[in-house]
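The chain contents come next:
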Amino acid sequence: MQKPYFRDIVSAENISVKYGDEYALRDVSFSVDAGETLCIIGSSGSGKTTLLRTLNGLQPLSAGQIEVFGDRIHTISGVQLRRKIGYVLQQPALFPHWSVAKNIGLVPRLLKWKPEQIKNRTRELLDLVNLSPEIYTKRYPSELSGGEQQRVGIARALAANPDLMLYDEPFSALDPITRTGLQQELLSLKEKLRKTTVFVTHDVNEAFLLGDSILILSEGRVVQKGSPDEIKSNPANDYVKTFIEGLHA
Amino acid sequence: MRKLILILFCVFCVTSMRSQVVIASKNFPESSVLAELIAQTIEQNTGLDVERKFGLGGTLICYEALKSGEIDIYPEYTGTALTAILKLPYGGKNPDEVLQIVREKLKEEQLRVAPLFGFNNTYVLATRPELQLEKISDLKGQGQLNFGFSNEFTQREDGFPGLNKAYNLGLSTPRGLDHGLAYKALSDGSIDITDAYSTDGKLSTFGFQLLEDDKNFFPPYYAFPLISEAAALRYPKLLDALDLLEGKLDEQTMRELNYRYEVSGELLPAIAFDFLKEKGIVDQRPESAAMHPIVKQTIDHLKLTLLATLIAVLLAVPMGMGIIGKKRLANVVMSATGAVQTIPSLALLGFMIPLFGIGFLPAVIALFLYALLPILRNTYTGLQETDPILIEAGKAMGMTKNQILFQLRLPLAANVIMAGIRTALTINIGTATLAAFIGAGGLGESIITGITLNDNNLILQGAIPAALLALIADRLMLWLQKSLTPKGG
Chain E
1 MQKPYFRDIV SAENISVKYG DEYALRDVSF SVDAGETLCI IGSSGSGKTT
51 LLRTLNGLQP LSAGQIEVFG DRIHTISGVQ LRRKIGYVLQ QPALFPHWSV
101 AKNIGLVPRL LKWKPEQIKN RTRELLDLVN LSPEIYTKRY PSELSGGEQQ
151 RVGIARALAA NPDLMLYDEP FSALDPITRT GLQQELLSLK EKLRKTTVFV
201 THDVNEAFLL GDSILILSEG RVVQKGSPDE IKSNPANDYV KTFIEGLHA
Chain R
1001 MRKLILILFC VFCVTSMRSQ VVIASKNFPE SSVLAELIAQ TIEQNTGLDV
1051 ERKFGLGGTL ICYEALKSGE IDIYPEYTGT ALTAILKLPY GGKNPDEVLQ
1101 IVREKLKEEQ LRVAPLFGFN NTYVLATRPE LQLEKISDLK GQGQLNFGFS
1151 NEFTQREDGF PGLNKAYNLG LSTPRGLDHG LAYKALSDGS IDITDAYSTD
1201 GKLSTFGFQL LEDDKNFFPP YYAFPLISEA AALRYPKLLD ALDLLEGKLD
1251 EQTMRELNYR YEVSGELLPA IAFDFLKEKG IVDQRPESAA MHPIVKQTID
1301 HLKLTLLATL IAVLLAVPMG MGIIGKKRLA NVVMSATGAV QTIPSLALLG
1351 FMIPLFGIGF LPAVIALFLY ALLPILRNTY TGLQETDPIL IEAGKAMGMT
1401 KNQILFQLRL PLAANVIMAG IRTALTINIG TATLAAFIGA GGLGESIITG
1451 ITLNDNNLIL QGAIPAALLA LIADRLMLWL QKSLTPKGG
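Protein chains in written order, with my numbering: chain E, 1 to 249; chain R, 1001 to 1489.
FYI, nobody ran anything at the bench for these hints, they're computed from the structure.
It should be emphasised that the depicted structure is a prediction, and the values quoted were computed from it without experimental measurement.
In this text, a Cβ means the ideal position worked out from N, Cα and C, and glycines have one as well.
Keep in mind that a hint or two might mislead.
[Said to hold, decoys possible] Listed below are the simulated BS3-like cross-link pairs for lysine-lysine, each with C-alpha atoms no more than 27 Å apart in a straight line: (1) 192/E / 114/E; (2) 1401/R / 112/E; (3) 119/E / 1401/R; (4) 1277/R / 1248/R; (5) 192/E / 84/E; (6) 112/E / 84/E; (7) 18/E / 1326/R; (8) 1248/R / 1215/R; (9) 1401/R / 102/E; (10) 1482/R / 138/E; (11) 195/E / 225/E; (12) 84/E / 138/E; (13) 1482/R / 102/E; (14) 1087/R / 1107/R; (15) 84/E / 1401/R; (16) 1327/R / 18/E; (17) 114/E / 84/E; (18) 1401/R / 114/E; (19) 18/E / 1401/R.
[What the hints assert, rightly or not] For each label pair, taking beta carbons as the anchor points, the in silico distance ranges come out as: (20) 80/E / 1295/R: 55 to 61 Å; (21) 173/E / 1483/R: 30 to 36 Å; (22) 1318/R / 193/E: 39 to 45 Å; (23) 193/E / 1476/R: 48 to 54 Å; (24) 173/E / 1318/R: 36 to 42 Å; (25) 1326/R / 21/E: 25 to 31 Å; (26) 227/E / 1318/R: 51 to 57 Å; (27) 29/E / 1339/R: 52 to 58 Å; (28) 74/E / 1326/R: 21 to 27 Å; (29) 173/E / 1326/R: 31 to 37 Å.
Please put together the full structure from these sequences, using the hints given.
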């Protein structure tokens, strides 16, 4: 069967997720173009993380459907799908018994790359996230600062050069100075790599800095979506307004 | 680590495979003296290798072991064989009749009664020579004598009550006293007569007059080597060697040998050699036991505990892996292994006898059951307690369930699992001292013999190495635990 041409890397149609009788997500629809960065903002409990986990199949849907890379997920192997999607967690969640290099090399190893290839890629990635390979390859996660750990977390997610990157509030646990630094670095990575990205945050400034488009979630529903400018000039309701008011000048 | 296990396993196999004649004794001193006499006689007259399993257990344990082929020979007594093994009444038969019955009935069980050693270890009545009594019938109407019998003897039907009736002595039941005090009381005149075993080593130091049982009231307890038919057929030379011991020991000689062992504390090989040399049965002093008994016991002890723990690891770790995330199954499995743990160790060893007989195998199985819980519990807990965020990360990176188990959960739980193995091993080293009760050897042998001989030195000879082993094992496992724990974890 010939696959239809797809422009959207991700498209979600009327998806709902129920925990018992409670809706965590309700009738959410959106799509992400190739190379686009979508930022999802919402307060805690708004369903942002649940939404992100539906995209790599970790969170089953109660209704609706999602296509990633043109395939309806849940019709394909979740394990295979996740190896093609980079995922950066809120806590870096590096594997404490593995060195930095071994952490970064995980997905390439799962994909059975050659050891030499993995080694080169690991160096390249450490350079990319501004960690000197000479110093960091052999270190263990417990020997790194929070910021360094999250750089490694990003390198690990990028390792197998995935076509889609998912970030789950990656900088929320960091101190403001480190956070600002990493935001700037991520911005320049974005310019460099042009990866399709879904980035979840509760920090409106981060969202407006990194996002090509913004999706605002409240209590599991989409309140508004659009470009940063559209949202700034035309907030849909009071909830959005309170977010906008948090923006720095 | 793998190499080490392999080497240990090979050592275990090689040392277990050598074919030998296995000679056992019951758990009291005279039986061990007799067994050593048998052992040296066989070693020097047949050229066969002998393995000694002394102090194996009571009559029934030795008998079962002989029938199952676990051992080949042990010393038995005619009266014991008749009443305890064959469960036949004594009924005043004469010694030859008893021997005849025992020989025929045991033959049906594929066991052979070798020629008698000569002495009869039965109840005797001891008195002072100046009282001028010679046989039990002389006691008739001697109500003025001061009788002092052991408490047990005054109660048992084959003791005073039966004796009184059979000889028609017409005595009233005498007071009972502690047997430990009887000889001294008799020699200083506080009592005039007491009961004793005819070959009791301590008797030989007092010049007591022993009264003849002229009406054969006491069952005869003539000692003889009991050998399995299978061993007799496999090594026909054994029977020729045992013939050499026929009639070589009278009561007086046996008392002296017992005295040297029990009271003077001489070593069995020396006692047996002196005697056999004098009789011209052996001429070479036994190689001062190729291995010191403690060394051999330590090796046996390690074999028992290491093998039991190893099997437990091989079973409990995969089992722990199999039950993660299956809460109900986990509960069932954990309660079952926990229940085993509540059985007192001696009882658990006892339960093994009807199932697996005696010796190495049942002991390993019992110790294995004990090792199961700590290893299983720690494996399960360790694997279960992996940080959920790491598992989420593993899943999100596209790891399969098995990859998460083997690459994340297992190495992260290594520390906890090793701690469980360490607990199991240390517990087993202690518990294995009880394995000597079911004939599995090990350091418990010294401890148990020490207890029966009331010999504190012997007890310590087993207890101290056992304690040291436990400490060393604990330290080694701690070191192993540290070196196996992943660097960052």
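How the hints compare with the structure:
no., hint, result
1, 192/E / 114/E, "holds (26 Å)"
2, 1401/R / 112/E, "holds (17 Å)"
3, 119/E / 1401/R, "holds (26 Å)"
4, 1277/R / 1248/R, "holds (12 Å)"
5, 192/E / 84/E, "holds (19 Å)"
6, 112/E / 84/E, "holds (13 Å)"
7, 18/E / 1326/R, "holds (24 Å)"
8, 1248/R / 1215/R, "holds (25 Å)"
9, 1401/R / 102/E, "holds (19 Å)"
10, 1482/R / 138/E, "holds (20 Å)"
11, 195/E / 225/E, "holds (20 Å)"
12, 84/E / 138/E, "holds (26 Å)"
13, 1482/R / 102/E, "holds (21 Å)"
14, 1087/R / 1107/R, "holds (15 Å)"
15, 84/E / 1401/R, "holds (18 Å)"
16, 1327/R / 18/E, "holds (25 Å)"
17, 114/E / 84/E, "holds (17 Å)"
18, 1401/R / 114/E, "holds (23 Å)"
19, 18/E / 1401/R, "holds (25 Å)"
20, 80/E / 1295/R: 55 to 61 Å, "holds (60 Å)"
21, 173/E / 1483/R: 30 to 36 Å, "holds (33 Å)"
22, 1318/R / 193/E: 39 to 45 Å, "holds (44 Å)"
23, 193/E / 1476/R: 48 to 54 Å, "holds (52 Å)"
24, 173/E / 1318/R: 36 to 42 Å, "holds (37 Å)"
25, 1326/R / 21/E: 25 to 31 Å, "holds (28 Å)"
26, 227/E / 1318/R: 51 to 57 Å, "holds (56 Å)"
27, 29/E / 1339/R: 52 to 58 Å, "holds (56 Å)"
28, 74/E / 1326/R: 21 to 27 Å, "holds (25 Å)"
29, 173/E / 1326/R: 31 to 37 Å, "holds (34 Å)"
The structure shown violates none of the earlier numbered hints.
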